[in-house]
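Engineer: Work the whole structure out from these sequences, hints included.
Residues per chain are reported as follows:
There are 6 protein chains.
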Amino acid sequence: MRPSGRAPDQLRPIRFTRGFTRHAEGSVLVEYGDTRVICNATVEERVPPFLKGKGRGWVTAEYGMLPRATHERMGREAARGKQSGRTQEIQRLIGRSLRAAVNLEGLGERQITVDCDVIQADGGTRTAAISGGYVALRDAVASLKARRQLKRDPMFGSVAAVSVGIYKGVPVLDLDYLEDSAAETDMNVVMNEAGGFIEIQGTAEGHAFRGEELDGMLALARQGIAEIIQAQQKALEG
Amino acid sequence: MRPSGRAPDQLRPIRFTRGFTRHAEGSVLVEYGDTRVICNATVEERVPPFLKGKGRGWVTAEYGMLPRATHERMGREAARGKQSGRTQEIQRLIGRSLRAAVNLEGLGERQITVDCDVIQADGGTRTAAISGGYVALRDAVASLKARRQLKRDPMFGSVAAVSVGIYKGVPVLDLDYLEDSAAETDMNVVMNEAGGFIEIQGTAEGHAFRGEELDGMLALARQGIAEIIQAQQKALEG
Amino acid sequence: MRPSGRAPDQLRPIRFTRGFTRHAEGSVLVEYGDTRVICNATVEERVPPFLKGKGRGWVTAEYGMLPRATHERMGREAARGKQSGRTQEIQRLIGRSLRAAVNLEGLGERQITVDCDVIQADGGTRTAAISGGYVALRDAVASLKARRQLKRDPMFGSVAAVSVGIYKGVPVLDLDYLEDSAAETDMNVVMNEAGGFIEIQGTAEGHAFRGEELDGMLALARQGIAEIIQAQQKALEG
Amino acid sequence: MRPSGRAPDQLRPIRFTRGFTRHAEGSVLVEYGDTRVICNATVEERVPPFLKGKGRGWVTAEYGMLPRATHERMGREAARGKQSGRTQEIQRLIGRSLRAAVNLEGLGERQITVDCDVIQADGGTRTAAISGGYVALRDAVASLKARRQLKRDPMFGSVAAVSVGIYKGVPVLDLDYLEDSAAETDMNVVMNEAGGFIEIQGTAEGHAFRGEELDGMLALARQGIAEIIQAQQKALEG
Amino acid sequence: MRPSGRAPDQLRPIRFTRGFTRHAEGSVLVEYGDTRVICNATVEERVPPFLKGKGRGWVTAEYGMLPRATHERMGREAARGKQSGRTQEIQRLIGRSLRAAVNLEGLGERQITVDCDVIQADGGTRTAAISGGYVALRDAVASLKARRQLKRDPMFGSVAAVSVGIYKGVPVLDLDYLEDSAAETDMNVVMNEAGGFIEIQGTAEGHAFRGEELDGMLALARQGIAEIIQAQQKALEG
Amino acid sequence: MRPSGRAPDQLRPIRFTRGFTRHAEGSVLVEYGDTRVICNATVEERVPPFLKGKGRGWVTAEYGMLPRATHERMGREAARGKQSGRTQEIQRLIGRSLRAAVNLEGLGERQITVDCDVIQADGGTRTAAISGGYVALRDAVASLKARRQLKRDPMFGSVAAVSVGIYKGVPVLDLDYLEDSAAETDMNVVMNEAGGFIEIQGTAEGHAFRGEELDGMLALARQGIAEIIQAQQKALEG
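Chains as they are written, first to last, in UniProt numbering: chain G, 1 to 238; chain R, 1 to 238; chain V, 1 to 238; chain A, 1 to 238; chain H, 1 to 238; chain B, 1 to 238.
Hint data in this document are derived by calculation from the structure and do not stem from the laboratory.
Treat the hints loosely; a few may be bogus.
[To be verified] Below, simulated BS3-like cross-link-like pairs (lysine-lysine); rule was C-alpha separation at most 30 Å, straight line:
no., chain 1, residue 1, chain 2, residue 2
1, G, Lys54, R, Lys168
2, H, Lys234, H, Lys151
3, B, Lys52, G, Lys54
Quick caveat, the model's predicted, so the values are computed rather than measured.
Structural biologist: So this is what it looks like as structure tokens:
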């Protein structure tokens, strides 16, 4: 039934390639099938003005797409002179999700910026960015630990994300572009390794969705995220 | 337990004042307690470029706050030269929510813009804007019907929104500013008159939230939105 | 002769509603007939860079219109990314006019910003903003006095403004939109309670105006402003 | 008494050099003493969108200053990415003033843009720009007449401008920078050759000014503008 | 002598990976040693306004860097709201260089945009972008030929680029970052397969360079470009 | 053969008028035939952030054109809200070229900004700006010396620039607009008084150029720049 032939509860192949570029403290290429996002985590010994002198750190994210990551070329945001509402919404979501995994006091007065740049888009770029950004963040924190700049581990646990939706009346996991553009409901779910919710964003594209449909989608998300967290762990141990 | 002395499942006083300003086709002052938002719906005989010649209309929203709607003065977005990510996120949410109530084919090739301007903020401005924007939209559509410019009613049903959250460990309905800034979880829910979900946006501010907490919040939202939809109907009949 | 049926020297009903919103140190809804402007005065314990360390304060103003304050919807300045020349011209005029009523040394190193936001426009928005802004400014100064943060009263006197013009060959007072768009000459006059001129801005829209016409308009302005200053005093005592 | 040693009713030397640059249809260097402004009038066979198809033309103005036209270098507006409120206010004033001299129907569907660029500033740049812009505009219209593109002369009459003020308690004509920065009142007056007022903009810098002071300043302006109009005529005949 | 141990006339390993992403008509990852640039060529059936209706096509380029392509994170241009002067200079250079290889009449009324995005920078990003952009452009043209949309081949010949410089007094080929930041002279050379110059841009960083030094650098460039053109051919045949 | 009747190796009349405006520390009108550029050098007792506390100064340049410096009016960059890529490229070139003549340590912690504003364009504006900017820079340095604010002369030598090109198959010197728009190759050359190259920027507009053509152009540039440097010296002594 799914264009890709996947079962409703089947993820696309998920891959995390660490050390993808050489300058960033954490650099990960994350792939959810044909969706490919470079996640680079940068450590800087400064915090934003609102945190100065408070003994706490900050984690933030920025998001972008290469102009031809998509089927049709999209104008370059740098050339148009501003980031779209969609871009800003996504980077705010990534930042909030990653902060949920970090004890900001434990980080000290430093900022980690996670840049998520989509080089190929096939649906689910924001969820891939969160899951890949988490791995890059862990590597950046590890580089601080290796240089003995942290007293204790500032990471609380894992964070991963996946999209779920109602496609042709059936709840499905990890929508690709073909499904995404035809889905009746589209929901992005961010969870931690204990199955707690960090963020839920669900939108009815066609008709409003019912409580049972919501429950079905959340069950798929729970299972998918458990698998993605396993893949993250494996990559981090590799 | 709540700073306002309300019961956990108690809304603030909800008021819709129609005809608040005289130029707009629909003009509503919506109040959720001390949160006050002017919602003006404008009908224009044009559609955005991507819809030209397709026989369909469009509904969109814009959101703003007077600089001193808040405790501290916030810089005017027009003076800073751009809308914040928060503003864009909110106006995209309002637009999506209102479109869920409209048959865009039935509207014809015209656009309705719903401007939501917060003149006093005390938490829940985006949910008030959706509920008030719906009433303004209905009045704008009524003005088209009165001028016999529509063949059939393009409205599907009602749309209303409310926030829910976990405050001091307890699910509560319709958070005011004091609760909002201390809540462990904050969720905005948009529903229709049939109890279907149009949008769910939940964020863990402190710890991740569990499935039971989610269920508790959604139950409160369902009840609150039913009351708000009644208030909308009453205002529209008044 | 006037569309509204008013006598040439007759003001529209002028109203000042203090305490219109609850966060600002001074908050006034001013109405010149159907023109309605929210004037919020904010006190901040900082001054602009060019005044730092000079022991003087500053008073400034910002001006905006809700997109549908007018007959046709005007694009939101925050969305277009800049304030129009008209907006900047008006807010500079309001700021200069209000500063004429304040001893900036007496204010200490603090800034008062008066935000004037038009929620309904029917001609004369800038003059209403000046007169209403003055009342808001007085309330903001009163809040400083109440907290014993001023050694002496920094207010010199009153400031009020009104428009005058030549409409169908006759000098008239306080033009509404219909008159404004057809007037041959349009002049905004700002005066103090002693009848001194603070600002005169007169523009020939049709033919150039003669000295006698100027004298006729100034006489109307003098009388109108005296009435407005009375209304301000009454509101401030109320 | 005046820093320059001039009598209160004495203009600075006024010069108009036509044909200052070679590409513009009208190109004039205007000098009011040490204030030097290049005024270039450009004819284009198009009108702004709001005038399309209405059979009328348009006259508009733009204003700029070289960064080091002033005592201290001012940041380049092109580099800062926007024109200041002062710049916009001035160019709107120049445009309105010049339009007062033109029958826009007589111009046909074309636009004349008058660029006024200050290369050296010593007070009175906006009034010099208006007087010089008028000469450039006349030359641009003459070039249209020479090419037989106008049925009749679209010019109504002359326009010139001068500043007046109260300096050390005395009304003075044509303030230079030293006077301008110390004046109690500063007024810009635009008149036509018949002594009619096109624009009056007076601002009390120190105390409010009285009716007699206003009359004294206007008398000086009337005399000064008559002299400037003579100089314009002489330049245009030369 | 060179930090990398290379001989003065030795290129870094040059690699072209075609089909790097799947949406673009031409997609190439180009590597000059550790410098890695994604070059995506997009075909669009439109031309810029100045070419409309002239029967000719257009080739243009855009350039960007991921924020962490460099040793230190650089602010994202989309977030800062404008492209730097350096970015604009580079993308203009790439566009001019690629147009030198194309008969724009032969392309028909269509535009090819070559997006060059640096994912890892180690000196020479603009020269790598030109050489890689050429391969992507060829693939994009091939896709048009395959769809029989071109009457004849619009490509004139090959284009490739390399940097040369004076490092510690010796002319060297293809500078990496360490050399680039210490070079006395830095020159970018763009040539075609016949050894003709398309662009030369040389800058003395330390002392001015002499005619013999220029000759030495140009000789190295000629040899290096011949090798790069061979690598391009091999990649295009592969 | 040349439209102007000049011999291939003949410069246009070159003039430097010092003291052109009165506020700048160095103010020069430079003319290359009909190309006229005002170069104003401003000394400020501050350096850009990246140089703070390093005991070194900075020299930078900005470039602009009056809107009607050209045959057709070009939109004002301040009004469009950004500087074009061409403008940024040119001002970066002028800045680099002038810095090549200055010992920045010798300048102390101060910045000299050279504003180059084209009032009439006829080809070669950037080369005229460099040559004129050098004279203005020398005058600004002289003003510092006169005020005994420099321990030693921070100027290394002279800098001048000229364009060369291939026009109708023949190398020519100092192209005017007619030649520039028809040239097959266009090259800007910046040199010092010892015949060393500071910058070479050559672009093939039509076919690629050969080594012999490059040599021919460079020989012309060398001779032309020697003449311009003589003219600079004469002006500086005058």
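Engineer: Next, verify each hint and record whether it holds.
Structural biologist: Right, here's what the structure says about each hint:
1. Lys54(G) with Lys168(R): holds, 25 Å
2. Lys234(H) with Lys151(H): Holds. Lys234(H) to Lys151(H) sits at ~26 Å (cutoff 30 Å).
3. Lys52(B) with Lys54(G): holds, 27 Å
Comparing the model with each earlier hint shows no violations; every hint is respected.
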